[in-house]
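Make the full structure from the sequences, and use the hints.
As you go down the protein sequences, you meet chains P and S in turn.
No gaps in the numbering here: position 72 of the first sequence is 72 in the working numbering, and each next residue is one more.
If you count the second sequence from 1, you need to add 1000 to reach the working numbering.
Just so you know, these hints were derived from the structure itself, not from any lab.
Here a beta-carbon is modelled for each residue, glycine too, at the ideal position from N, C-alpha and C.
Please note that the accuracy of each hint is not assured.
[Said to hold, decoys possible] Partner residues are not named here, just some residues of chain S that face chain P (Cβ under 7 Å, in silico): (1) E1076; (2) E1078; (3) Y1080; (4) A1105; (5) E1171; (6) R1172.
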Amino acid sequence: MTPLSADSRPRLARKARLRTDRLTGETLLLYPEHGLVLNASAAAIVRLCDGRSAGDIAAELAAPLADILDFLAALGDRGLVTT
Amino acid sequence: MSRPYVLVAELTYRCPLRCAYCSNPTEVPDRPALATADWQRVLGEAGELGVVQVHFTGGEPLLRDDLEALVARAAELELYSNLITSGMPLTRERLAGLAAVGLCALQLSFQAARPGSSAAIAGVDAFAHKRQVAAWTRELELPLTVNVVLHRQNLDEVGAIIALAEELGAERLELANTQYLGWAHRNRAALMPDRAQLDAARAVVAAARARLRGRMELLFVLPDYHADRPRTCMNGWGERYVVVTPDGRAMPCHAAHILPLAFPDLRACSLASAWNDSDAFQRYRGTDYLREPCRSCDQREVDHGGCRCQAFLLTGDATAADPVCDLSPHHDLVVAARAAAADTAPPLTLRRLRLAR
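Below, the structure is given as structure tokens:
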């Protein structure tokens, strides 16, 4: 994945599925052979990975852009978001 | 109490391939297969119990003509469904149908990087068809994992295998060294690599992993016969995985048939009672059952003494330390198996489906 910036438009990869855990109510991000339990802020970011820009996501969540980009880069390393 | 996250649904033991490294049992129970409605009930019970991923596997799951109905049920339950397949027999139309009813991902086996070496291991010339299946998978935008079981006969091709997976557009490549359980155990001397061969393959994988980061996940499962410490088998007995066999038995591990335990019959009980209450699931859960040298070992919470099935297969005692551990009093069995493999090159015995009497 190319380096991320405020103009990057992350989308959730085809292999990744979001769902609510039936037992705990937590948000899960599932992909082949793996699953991540997302905390509330991570879940909020992932739900906005619909093609809008990283800058818009930061504005929408009133969160520092650097934090958003770090998290998106970590997801990108696992192939979970594409830009 | 732990919960299962993954259901391994072994839909049939039948398979068009005859891979010498197969982990299926050498003899399979002569009992009727679980019916569609039973499988659908088991999927529902799995979802209630906390399962979030289901692997449809076998044998070859495509041999069941109700696979579509099971994938659809999994989708209804929001289970992440993964089809683990040889790709045979499969048409583009059937694969499109599976995608349409909600299949989430496909894991396709290859035996080697080339047609000839693949056929020698599988007993069937399936290579070109598998390439076609991979192409359909990408066309249908299904995530593709390529899985290759590694052993002496294909480890030298590992660079070419990685190139093949890249060319096919795989998002994930699983390179799992053979575990000598089930049918693979009888081919142990023919399949076991030597240390130099393994180290060379491992270096190729490490370099490729760095290059492919973010594009293709590369998993390399080390062969435990060459490790000093055992693997954490199934993340612990009855901790995260539940396997259901074609005839409806619930087991903590797909190789557990060989153990002298009464595995719960899901025609007669629920998956929840199998998981929570059955003797078979409780027997080796946690670490209380461990004996020395495991009991006082500082790794006991990490590896739980290793693989129960392997301990039983090699020592006749499922509570023993896994002999791959160099602290095991039976470790000489593993050392001897490595030495025996180095001295011989027996032919592969291809898998045959045999019913237990």
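We went through each hint and held it up to the structure:
1. E1076: violated (13 Å)
2. E1078: holds (5 Å)
3. Y1080: holds (4 Å)
4. A1105: Nearest chain P Cβ about 5 Å off; hint holds.
5. E1171: Holds, about 6 Å.
6. R1172: holds (6 Å)
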